[in-house]
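Using the sequences and the hints, build the whole thing.
So the protein sequences, as listed, match chains U and W. Just so we're aligned, residue 1 is where the first sequence starts under this note's numbering, counting upward by one. Just so we're aligned, residue 1 is where the second sequence starts under this note's numbering, counting upward by one.
It cannot be assumed that every hint is accurate.
What the hints assert, rightly or not - 35 Å max Cα-Cα, derived DSBU-like pairs, lysine-lysine:
no., chain 1, residue 1, chain 2, residue 2
1, U, 68, W, 189
2, W, 68, W, 45
3, W, 227, W, 189
4, U, 20, W, 72
5, W, 189, W, 68
6, U, 45, W, 182
7, U, 68, W, 185
8, W, 185, W, 72
9, W, 45, W, 189
10, W, 182, U, 157
11, W, 185, U, 20
12, W, 290, U, 68
13, W, 227, W, 62
14, W, 290, W, 246
15, W, 185, U, 116
16, W, 413, W, 290
17, W, 96, U, 20
18, W, 246, U, 157
19, W, 72, U, 68
20, W, 246, U, 116
21, W, 246, W, 45
22, W, 96, U, 45
23, W, 62, W, 72
24, W, 227, U, 68
25, W, 182, U, 116
26, U, 68, W, 62
27, W, 246, W, 227
28, W, 31, W, 227
29, W, 189, W, 246
30, U, 45, U, 157
31, U, 20, W, 182
32, W, 185, U, 45
33, W, 96, W, 185
34, U, 68, U, 20
35, U, 116, W, 413
36, W, 113, U, 20
Said to hold, decoys possible - So, partial list: chain W residues that the calculated Cβ filter (under 8 Å) puts toward chain U:
no., residue
37, 91
38, 167
39, 249
40, 322
If you are wondering where the hints come from, they were derived from the structure by calculation, not from laboratory data. Idealized CB from N, CA, C, for every residue including glycine.
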Amino acid sequence: MCRDPLDPLPPFAFRDETEKELQQLLSRAPTPAAAILPALHLVQKEHGYISTAAMDYLAGRLAIPPSKVLADATFYEMYRCYPVGHYLIQVCTGPSCALLGADRILDHLADRLGIKPGQTTPDRLFTLGRTECLAACGSAPVITCNGQLYEEMSVEKVDQLLADWSAAAARQPGESEWTGS
Amino acid sequence: MDRILTATWGLPGGHTLAVYRSHGGYGALAKALAMTPEAIVDQVKAANLRGRGGAGFPCGVKWGFLPKDLAKPRYLVVNADEGEPGTFKDRAILEKDPHRLLEGILITAYALKVETAYVYLRGEFGQPGQSLTEAIGEATQAGYLGTNILGSGYSLEIVLHYGAGAYICGEETALLESIEGKPGKPRPKPPFPAVVGLFGCPTIINNVETLACIPTIIERGGEWFHKLGRERDGGTKIYGVSGHVKRPGLYEAPLGLSLRTLVYDLGGGIRDDRPLKAVIPGGVSCVPLKPDEIDVTMDFASMTAAGTMLGTAGAIVMDVTTCMVRMATRIARFYHHESCGQCTPCREGSGWILRILEEIEAGRGSPEDLDLLVDICNHIQGNTICAFGDALAMPIRGYVTKFESEFLRHLEKGGCPFPAW
Ligand SMILES: Cc1cc2nc3c(=O)[nH]c(=O)nc-3n(C[C@H](O)[C@H](O)[C@H](O)COP(=O)(O)O)c2cc1C
Ligand code: SF4
Ligand code: FES
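See below:
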């Protein structure tokens with residue numbers, strides 16, 4: 001694991017409902033390794049990202065070498081090994097979306113948020129990124145936010161969404177919105 | 001025309017069991033359970049159904065590759081990883097008509113003597129996955145899924161498995177690795193999955209749309225289905241059209257639809273009635289066609305004869321304002337990013353191609369770079385473990401050779417002559 005051996009890991013544990021889901025997963029998985037991907041999804045759903053502590057913990061629970069968990073956590077694009085903002089906005093820059101202005105939408109969001117793609121706003125409210133084709137090309141350009149798809153986007157529509165998300169966050173500060181993205 | 005795969009799309013509650021059943025849904029399952037597995041396979045062979053995942057392999061023939069003995073358990077794996085840019089049909093089937101897919105899975109699993117079927121959904125398919133999960137709940141309640149289905153003694157379990165954002169997991173052996181919990185690195189073939197597949201057991205992998213065709217084949221008969229399409233290519237297909245068209249979307253039509261009809265009739269023609277520059281016929285791994293090349297019929301053999309592929313039949317349309325160097329660069333970026341990294345030609349070549357294209361798009365480089373690009377493509381094609389290498393090399397070579405003058409204009413001008421997108 002890529003961590004400082006002198007820096008002890010904070011303990012990791014799931015909330016009760018997630019723990020139940022994990023136990024179900026372990027009882028059904030035909031091999032321990034087959035549970036890695038779904039278990040990593042559980043970690044991310046609950047914590048927003050996958051820490052080294054979580055990877056170590058899962059390796060222990062699944063009784064497999066930590067390197068196998070690390071290999072999956074880094075191979076698969078959707079797993080994040082670093083925390084992201086409350087809202088993770090991803091703009092599809094695949095070909096059909098690109099043809100209909102995806103790059104302008106990405107640039108506009110970057111401008112509005114004052115960050116570059118890949119970065120998080122200082123208040124940790126928004127992380128901006130891009131994604132490859134989301135299999136929604138017929139309603140291009142599209143974006144996702146925390147796993148939810150938004151179709152036929154325009155600069156005006158993303159402005160409206162930004163306003164809605166900011167307002168929602170102001171109403172419930174600190175409330176996590178992870179929907180399983 | 002008979003709409004088969006899209007018959008209930010757009011109806012209120014079209015995705016529910018009630019509506020599916022009121023359109024005859026699950027009638028084919030009851031019929032199939034009264035047939036022998038071999039008789040079902042024969043109908044699918046007679047249907048000349050070719051795989052809808054992109055490669056177009058005859059479905060019944062593939063099923064025939066399973067070993068005859070039942071020494072080991074066997075699996076059916078449904079490929080719902082839909083990641084080929086320009087393709088958006090499987091998401092629609094999952095969201096709008098999940099019961100048709102389920103019925104197809106059930107009939108296929110019974111025919112192949114499978115007791116566990118996996119559905120591999122791409123990680124981003126939260127909504128489609130939700131829709132399928134609800135359908136599984138409804139079907140189980142109604143006795144179509146689970147133990148002793150419709151009193152036949154046959155039982156099936158369906159397991160949903162989510163990917164996590166890797167295009168390569170759409171390749172069937174990478175997909176199996178991923179279900180087994182490993183990074184999605186394709187396996188060398190042979191052995192083919194039908195013999196050594198998931199967890200070392202015989203496995204059939206089929207695309208969502210392929211399986212969605214099965215209920216109709218059983219209900220109306222393989223011959224009937226075959227006659228809808230072409231000689232070696234039965235049935236109807238969900239065509240997609242996106243990009244610079246007035247009516248982007250999905251349209252069902254028989255195999256052999258004219259590409260021009262897809263773009264100009266169903267797709268409504270080019271936005272602002274501008275001239276057309278190019279069409280990618282079936283996802284970005286297909287060689288683009290020029291305006292004088294779109295009078296082709298969209299079936300597997302005709303598209304191959306036209307120097308490209310039917311692929312997933314998800315067409316991307318580009319009008320004259322589009323920079324083909326930029327499009328090639330975007331596609332190269334995708335492939336470079338998604339290469340699993342096992343094979344040197346693909347891993348390194350994709351990076352070289354991307355860097356050269358980025359330079360040309362910025363107006364830097366020399367005409368010899370075009371030869372270099374073609375040379376790199378030639379060295380990738382056929383020299384890799386999986387078809388990803390070909391899917392990268394063939395289109396990139398197509399852009400360079402078919403639109404050479406545009407590449408040269410970048411170099412002459414010292415920059416891109418087209419408007420930003
Ligand atoms: C790089 C690559 C990506 C692929 N992606 C997909 C995909 O997203 N969905 C799919 O059904 N098939 C995909 N395929 C094709 C599968 O390997 C396989 O041929 C297909 O799932 C078989 O089903 P079918 O015979 O029903 O088409 C891909 C192939 C390659 C080489
Ligand atoms: S061709 Fe590319 S994607 Fe396929 S196995 Fe080789 S490196 Fe991986
Ligand atoms: S290119 Fe954006 S959804 Fe396909």
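Query - Supplied contact hint for residue 167 of chain W, tested at 8 Å Cβ to chain U - result: 7 Å, holds
Report task. Mind checking the alpha carbons of residue 185 of chain W and residue 72 of chain W for me, to see if they're no more than 35 Å apart? Result -> Distance ~24 Å between residue 185 of chain W and residue 72 of chain W Cα, so the pair holds.
**Report entry** Holds or violated: residue 290 of chain W to residue 246 of chain W, with C-alpha atoms at most 35 Å apart
**Finding:** Status holds; Cα separation ~19 Å.
Requested in this report: Decide if the proposed pair is consistent with the structure: residue 68 of chain U and residue 20 of chain U, CA atoms, cutoff 35 Å inclusive.
Outcome: It holds: about 23 Å lies between the C-alpha atoms, which stays within 35 Å.
**Report entry** Per-residue hint verdict: residue 249 of chain W, partner chain U, C-beta under 8 Å
**Finding:** Since chain U brings a Cβ to about 5 Å from residue 249 of chain W, closer than 8 Å, the hint holds.
Requested in this report: Below or equal to 35 Å on CA atoms is what counts here, so check residue 72 of chain W against residue 68 of chain U.
Outcome: At roughly 27 Å apart (the allowed maximum being 35 Å), residue 68 of chain U and residue 72 of chain W satisfy the hint.
**Report entry** Proposed proximity, residue 185 of chain W with residue 96 of chain W (alpha carbon, max 35 Å)
**Finding:** 32 Å, holds
Query raised in the report: Hey, residue 68 of chain U versus residue 62 of chain W, does the alpha-carbon distance stay inside 35 Å?
Result: 33 Å, holds
Report task. Take the C-alpha atoms of residue 182 of chain W and residue 157 of chain U, compute the straight-line distance between them, and say whether it is at most 35 Å. Result -> With Cα atoms ~39 Å apart, residue 182 of chain W and residue 157 of chain U exceed 35 Å; violated.
Query raised in the report: Within 35 Å, alpha carbon to alpha carbon, are residue 45 of chain U and residue 182 of chain W?
Result: 20 Å, holds
**Report entry** Hinted pair residue 227 of chain W and residue 62 of chain W, Cα distance within 35 Å
**Finding:** This hinted pair holds, its Cα atoms lying about 21 Å apart.
Query raised in the report: Hey, residue 227 of chain W versus residue 189 of chain W, does the alpha-carbon distance stay inside 35 Å?
Result: 33 Å, holds
The structure does not agree with the numbered hints 10, 12, 21, 24 and 29 stated previously, though it agrees with the rest.
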